[in-house]
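Novice: One-letter residues, chain by chain:
Protein chains: 2
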Amino acid sequence: MREYSGLLTDLYELTMAAGYFQTRFEGRATFELFVRHLPPHRNYLVAAGLEQAVEYLENVHFTPDEIEYLRRHTMFRHIRPEFFDYLAKFRFTGDVWAMPEGTLIFPGEPLLRVTAPVIEAQIMETYLLAVMSYQTMIASKAARVVTAAQGRQVVDFGARRAHGGPASLLSARAATIGGCVGTSNVLAGQEFGMSTYGTQAHSWIMAHEDETEAFAHFLDTFPEGTFLLVDTYDVRNAVKNIIAAGRKPAGIRLDSGDVAADSRWARRALDRAGWKDVKIFASGDLDEYKIAELLRKDAAIDAFGVGTALGTPGDAPHLNLIYKLVQVERGGKIHEAAKFSHAKVTYPGRKQVFRHSTPGGEFESDKIGLADEPPNGAQPLLVEIMRGGRRIAPPEPVGALRDRCLAGVARLPQRCRQIQRRAVYPVRYSRRLQDMLEKVRRRVRRAAKK
Amino acid sequence: MREYSGLLTDLYELTMAAGYFQTRFEGRATFELFVRHLPPHRNYLVAAGLEQAVEYLENVHFTPDEIEYLRRHTMFRHIRPEFFDYLAKFRFTGDVWAMPEGTLIFPGEPLLRVTAPVIEAQIMETYLLAVMSYQTMIASKAARVVTAAQGRQVVDFGARRAHGGPASLLSARAATIGGCVGTSNVLAGQEFGMSTYGTQAHSWIMAHEDETEAFAHFLDTFPEGTFLLVDTYDVRNAVKNIIAAGRKPAGIRLDSGDVAADSRWARRALDRAGWKDVKIFASGDLDEYKIAELLRKDAAIDAFGVGTALGTPGDAPHLNLIYKLVQVERGGKIHEAAKFSHAKVTYPGRKQVFRHSTPGGEFESDKIGLADEPPNGAQPLLVEIMRGGRRIAPPEPVGALRDRCLAGVARLPQRCRQIQRRAVYPVRYSRRLQDMLEKVRRRVRRAAKK
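Residue numbers (the numbering used here), protein chains in the order written: chain Z, 1 to 450; chain V, 1 to 450.
Calculated from the structure, these hints are not laboratory results.
Note that the list lumps identical chains together, so a pair holds whenever it fits in one copy or between two copies.
Lysine-lysine pairs mimicking DSSO-like chemistry, simulated, CA-CA at most 30 Å apart:
no.: 1; residue 1: Lys-290; residue 2: Lys-344
no.: 2; residue 1: Lys-290; residue 2: Lys-279
no.: 3; residue 1: Lys-279; residue 2: Lys-344
no.: 4; residue 1: Lys-279; residue 2: Lys-240
no.: 5; residue 1: Lys-297; residue 2: Lys-344
no.: 6; residue 1: Lys-439; residue 2: Lys-344
no.: 7; residue 1: Lys-248; residue 2: Lys-297
no.: 8; residue 1: Lys-248; residue 2: Lys-290
no.: 9; residue 1: Lys-333; residue 2: Lys-89
no.: 10; residue 1: Lys-240; residue 2: Lys-439
no.: 11; residue 1: Lys-240; residue 2: Lys-344
no.: 12; residue 1: Lys-248; residue 2: Lys-344
no.: 13; residue 1: Lys-290; residue 2: Lys-276
Okay, chain Z solo, but in the shape it has when bound (with noise of 0.2 Å):
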């Protein structure tokens, strides 16, 4: 796998990057990186993906191997060969701003602006968008399932339901981003230093003769630490017999079953036998409606695993993020870009998100305005990432970015942080960016009756 390639973008981008080059279009151009709406069971998103996009921005190029590709593309017949040549010197020298991974956003806040030649802005879209909008689905997900289990801890178990192995390291960080203490994925721990959990599954369990045999195995082996697995076959039988063993365990985890019921039984069971300090762990198919649920039930759990939920959420499988023009130079001239096709308006300009907060530091309401726009004792939340292609913003632990987002959600109005019901957060345009809004409007539509 080239994570770096410069063919991993949709064609288009690449027919449209011949096609400026050879009608000499070489000004800049702004697009910005937002979603429309939010999906219908969330109050807000959580931005995630930015290391990613910035390691690609830094490292994006085209080989050999690569260019003759498109060169013998049936699309490419006509292309002059100095546009070859030119993918050949390909590098990514844009500008970037960015909201910082965690910070908590809203429809229509850039979650990225780029600014570059038309062409690097352009080929970038597809990556970025991929990026992106997988992680900050996945953190946003997180954050809700977080939020459910009441500070109980949380780890990511998504890696056998992610898109395969590269996707499984991007959810199990954006799953941490989004307030998960760790994850079950191993490389993804590596990768980006955070804490990893497991004991055993059920095959450990049926591979021996019995479960006693299994638990002992096991804690043979794993004499610290070890969550014995008690459903493979009749959870209270089990707890029982770990019981009778008369050798203490980390904790016990159901996986199926009445896991409310069948907690509050053994809690009692281990109460009883003077292992209070025994935890139960919860896992199977959890998200934070069946979480909330079994806390609701009085449920005695200490800690949930979320697998499935993590690695594509089903009450919002994707998140519709767009990439949109939003100025561009042309003969010499900088132009604000506008889209108006069926009631899809899309705001012209280079902006900046201002977040009001209240004197007691919940967050109030943001506002979307022009770059250049004073803060007004707001905070601005984009922030410098890249300049002429060259990162300069140091690259953040995951830890830290989960703190923000923890830090973000502990801010936000009851009402939004909330699980159950739809609740919309405060965010208006400011008067010169509607102003401006309206003045491409009226261009566009002289252009268009020309």
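Got chain Z sorted already, so can you dock chain V onto it with the hints?
Specialist: Relative to chain Z, chain V alone:
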């Protein structure tokens, strides 16, 4: 990204590996990978992902750095050094049988069967599940989309909605296996020898002074094969202007709005201009339901681009593929393994799937039996792929996998092929398999009572 890393797995696979190693559990085990149930909107699935699974099995290993990471992990602090020496030499040495990619499959039918020393078979679980469930899910969706298009071409536009760059390659591949003619994803096209498609985006139109200039510049660069995107401002205006300019494109693309009405209108306008050979391409949040609806409304569309639905199908965002122990060697003896918790029965034994067809060639029913049962005129679907860790079945080109899928869909009973209603294809378990299940059930009950 270390593609073939042994750490690309859940931690519990490695703790179990250490457990098996330290307790000298050295027998061979057989695991099978299958789905218990179809997602609500699926009548069949299309097997995909085997090629990437085999590549992983052929290449998986642990680097010194990865072993060092495990050695320092809290869970592994009591593990003997010999285990880490074992990992340093670790290779997959097992046998694999699998459904060739593009084969139509049903619940309970193993897509893949691994027989290997228990540690090797166990560690592979997470990767195999991720890479095969993802591609199977996408190929299955694509087959429905292609069915809905009734012979019109469908192109995968999913790259920007995939879970990052590497996932986008796999989704493009799986979509093609499911019947798409190709993809917008250039690297996927190069990597897997698939056709790639694309011309220009809204940003191309917006970057120019007006649509007329934008279209002219694109046609200057690409005089052949160009589809012009006509919905940036006003579809009918754009089509009129293209016709008035007098330069015939290969086609036009509609990406939003009332595509059925606009396509019919555009068809008439193009025909009146004598441009009967100019194609109309539709895209924009399409899936099999929307395509069926468009065709029901007599939309004049020649081909479709489908993105989001082929990046992550919203109506079936996960496939609950599982990897279950079905046989294990313990103390020199072969034991059949099954799981009975909470009505989630897993059948024991090494299986084969036998597909019966009518004399006319239509698929009639499947029987899941033991691997050594005679086929009795049915087609055994699982074929031998790897022996002793070496691949014995050569890789197949994606085109051949696509042909297999299309041929399979054509042989499905009509009720299973249609996309709107649930229809159940008959799958039964053989007598010998049912007897074996009961035998294991009795053994497990006896063991639990001890």
